[in-house]
Amino acid sequence: MRCDVVVVGAGPGGSMAAKTAAERGMNVVLLEKRQEIGDPVRCAEGVSKARLSSMIKPDPRWIAAEVKGARLYAPDGSNVVMSEDKSGDEVGYVLERKIFDRALAMDAARAGARVMVKTRALDLLRANGSVKGIRAMRYGEIIDIEADVVIGADGVESKVGRWAGIDTALKPGDIEVCAQFLLYDKGIDDEYCEFFLGNELAPGGYVWSFPKGEHLANVGLGVIGSRSEPGAPVKLLRRFVERRMPEARIVEMVVGGVPVSGPIERTIADGVMLVGDAARQSDPITGGGILNAMQAGMIAGEVVADAVSSGDTGVEGLMAYEKRWRESIGKQIARHLDLKEFFIRLSDDDLNKLMHSIQSEDVSKMDLRGMLRVLIRLNPKMLWELRHLVM
Amino acid sequence: MITVNRYVCGYCGACVGVCPVCALELVETWLEVSDECIECGRCVRLCPTGALSLEEAQG
Ligand SMILES: Cc1cc2nc3c(=O)[nH]c(=O)nc-3n(C[C@H](O)[C@H](O)[C@H](O)COP(=O)(O)OP(=O)(O)OC[C@H]3O[C@@H](n4cnc5c(N)ncnc54)[C@H](O)[C@@H]3O)c2cc1C
Ligand code: SF4
Ligand code: SF4
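For the protein sequence lines, the chains are A and B, in the order given. So that you can map any letter, position 278 of the first sequence is 278 in this note's numbering, and since no number is skipped, the others follow by simple counting. So that you can map any letter, position 59 of the second sequence is 59 in this note's numbering, and since no number is skipped, the others follow by simple counting.
Be careful, since some hints might not be right.
[What the hints assert, rightly or not] If you want the footprint, here are the derived chain A segments under chain B, 3+ residues with CB under 8 Å: (1) 100-114; (2) 157-165; (3) 226-233.
[Claimed, not checked] Pairwise CB distance ranges (calculated): (4) A/E361 x B/E36: 31 to 37 Å; (5) B/V21 x A/D144: 43 to 49 Å; (6) A/V251 x B/P20: 32 to 38 Å; (7) A/R61 x B/C37: 25 to 31 Å; (8) B/L54 x A/S347: 31 to 37 Å.
Since the hints were derived computationally from the structure, they do not count as laboratory data. Just so you know, even glycine gets a beta-carbon here, dropped at the ideal spot from N, CA and C.
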């Protein structure tokens, strides 16, 4: 089989890349190793309304709920409320990703991409040292798919980059390891996404509750890998739910890992591009990665079409992708990496102090950066080393 | 040798992403371990469910 572009992984990043490239006249093959796209879910499903809507028309079929904002709790229970449009990339809609991921893959198919499920990429094909496509296993048989460019959108497990000589292996401090229950509990606030901070609750991470309507919510937590131990996320989550919502009815369990390494050194090689979690483009502070994956996928789709048309699919020809994602989503990812490195070192006392310091301020209309600016003004000693982030 | 407790594993792929030598592969719910494993223990520590263990080879 031969095509212009082969995309590995039909998550949000891969489907957007495939769709965008197909719309530009490319002959695209989109591979997904699972037999069901989007299932099982490894996500809390929160996204910002405005940013999502700038990329795709919201569809009630894949929106579980809309929230008014976010409530952020310090370890001692003191809290602040932020409005939905200011709370960052994870707050606004709570999606139904089983449906959402399929809808995006179908959009790619409608644009002309050939979607192949139950087809697992095994390695890059090479000829005379350069990349010539993908070797895959499809229903137990080996097939070769020749292509000018391979887009690796293969998520946290990504191997495409490694096959191309880009070391994307995540070190313990580069990953949040997570567990989540979809649960029903009368105490769930249907109107707010909630975030609970604390080293006891979730070392180097946080507990979240993202409502999905009628007192259902994704309640989960992430622990920074460097402070985790075998099975810790599941144990901590069970403890949280037993203590805070003993009556909860758990109807689904999710586990997973989110890259929080921040931008990797390079995301392109000759004939290869990495997109989304595969490129470690998820946000190091929130762990949100859906929208960044989609945006990077769109940029990759545009750049690959230009590169294939011009006949230069080497590093030079793909360089525009590297530049464009770093100039757009890359800046925030880099800033949030610095923030993460700082915040995972704070004690519960520090977190409580910070929260108390802003109780008298109106932060409801501030975004994360605005809030950080206020925090730095009120706690100059503790936060001195972060001042470059708000300049 | 790495052993996978398949009754516990949640087939999330976190271990695959952290393995420094690509010794792990997830096929739907089935986690494969290849002999490239260097027994560094990273995957064991990071597994969210505690499904992995590093056991001394017998004999
Ligand atoms: C517990 C948890 C909660 C999260 N909560 C949020 C949230 O609230 N908001 C948010 O924005 N983000 C969240 N994230 C992160 C978000 O899920 C990811 O950033 C997002 O899915 C990345 O999209 P992607 O397209 O890059 O990769 P993925 O969605 O991971 O898709 C990769 C696809 O590639 C396939 N694949 C892998 N290897 C191969 C292969 N060899 N051959 C063929 N196919 C392959 C996989 O099966 C998969 O379908 C969360 C993550 C976790 C684990
Ligand atoms: S990290 Fe643990 S739960 Fe996830 S796939 Fe690996 S062994 Fe299974
Ligand atoms: S022990 Fe180390 S080398 Fe072996 S599978 Fe786990 S992470 Fe990979």
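Hint-by-hint comparison with the structure:
no., hint, verdict
1, 100-114, "violated (count 0)"
2, 157-165, "holds (count 4)"
3, 226-233, "holds (count 6)"
4, A/E361 x B/E36: 31 to 37 Å, "violated (54 Å)"
5, B/V21 x A/D144: 43 to 49 Å, "violated (25 Å)"
6, A/V251 x B/P20: 32 to 38 Å, "holds (37 Å)"
7, A/R61 x B/C37: 25 to 31 Å, "violated (43 Å)"
8, B/L54 x A/S347: 31 to 37 Å, "holds (32 Å)"
Violated hints, in rising order: 1, 4, 5, 7; the structure is consistent with all others.
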